[in-house]
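Given chain C, put chain W in place with the hints provided.
Number of protein chains: 2
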Amino acid sequence: MGAHAPRGLVLFAHGARAAAWAAPFERLRDQAKARLPDAEVALAFLELMNPRLPEAVADMVDRGITEVTVVPVFLGQGGHLLRDLPQLADGLRAAHPQLKLHIAGAIGEDPGVQKAMADYCLQAFGTPSR
Amino acid sequence: MGAHAPRGLVLFAHGARAAAWAAPFERLRDQAKARLPDAEVALAFLELMNPRLPEAVADMVDRGITEVTVVPVFLGQGGHLLRDLPQLADGLRAAHPQLKLHIAGAIGEDPGVQKAMADYCLQAFGTPSR
Numbered sequence: 001m002g003a004h005a006p007r008g009l010v011l012f013a014h015g016a017r018a019a020a021w022a023a024p025f026e027r028l029r030d031q032a033k034a035r036l037p038d039a040e041v042a043l044a045f046l047e048l049m050n051p052r053l054p055e056a057v058a059d060m061v062d063r064g065i066t067e068v069t070v071v072p073v074f075l076g077q078g079g080h081l082l083r084d085l086p087q088l089a090d091g092l093r094a095a096h097p098q099l100k101l102h103i104a105g106a107i108g109e110d111p112g113v114q115k116a117m118a119d120y121c122l123q124a125f126g127t128p129s130r
Numbered sequence: 131m132g133a134h135a136p137r138g139l140v141l142f143a144h145g146a147r148a149a150a151w152a153a154p155f156e157r158l159r160d161q162a163k164a165r166l167p168d169a170e171v172a173l174a175f176l177e178l179m180n181p182r183l184p185e186a187v188a189d190m191v192d193r194g195i196t197e198v199t200v201v202p203v204f205l206g207q208g209g210h211l212l213r214d215l216p217q218l219a220d221g222l223r224a225a226h227p228q229l230k231l232h233i234a235g236a237i238g239e240d241p242g243v244q245k246a247m248a249d250y251c252l253q254a255f256g257t258p259s260r
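The listed protein sequences derive, respectively, from chains C and W. Heads up, the first sequence is in the numbering used here, so the first residue is 1 and it goes up one at a time. Heads up, the second sequence is in the numbering used here, so the first residue is 131 and it goes up one at a time.
Excised from the complex, chain C in its bound form (with noise of 0.2 Å):
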């Protein structure tokens, strides 16, 4: 608690109905975990699995948590980081008015996760096969 309370980073991902879909996610999660071992470090959904991100600030809320960021795991920024998530975050300000929050921009359009996303193009086109 206080000045040495840890900080929070959780990962925003939208959710699916195939449990194999969070797999990378969980990945994600786990090497910022390893990343950081002073901080929490949580995964959360928008919609179809669970932890929604209401909650899983909540639960950080709960355990003294007092500064969150929010990294959304979505490549593009339509409707859902447009809407839902500036909603969603007014909504965590209104229940925790001493949390600082932060919302940090779409993972997919930082230029390192470009590059290597183009990286991973090329070599998945590799050689010709004729």
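There's no promise every hint is true.
To be verified - Only pairs whose alpha carbons sit at most 20 Å apart, straight line, appear in this in silico EDC-like list of lysine to aspartate or glutamate: (1) Lys33(C) to Asp249(W); (2) Lys115(C) to Asp249(W); (3) Lys163(W) to Glu109(C); (4) Lys245(W) to Glu109(C); (5) Lys163(W) to Asp189(W).
It is worth saying that the hints were derived from the structure and are not from the lab.
Structure of chain W alone, referenced to chain C:
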């Protein structure tokens, strides 16, 4: 045509109502195009945006392309990649029996993309503001 027909790379994305959503996919297409000057590179969508995958591939075939690699620009493998894309691929193989069609794995499952996403999470998490 023949032994020197260019190959095609199709970046297959979900599509969304918000036009701004497509920006990172368009940048990815442009980056891939710049790095593959001898290939045809196109974006195609599952829904909500055009062209859809069958149209994009038919257009390449019409222009003499005999080998196409489809890279799913999706983070996780949910129903769209487990069911919709295999059905689309079956349809493409039936419509273009001479075409060599390769379907890559989801871009979000690639270790290099995973690493870049984790880097972005740490960067977004940044330094405590307290």
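Q) Which numbered hints are broken by the structure, listed smallest first? A) none
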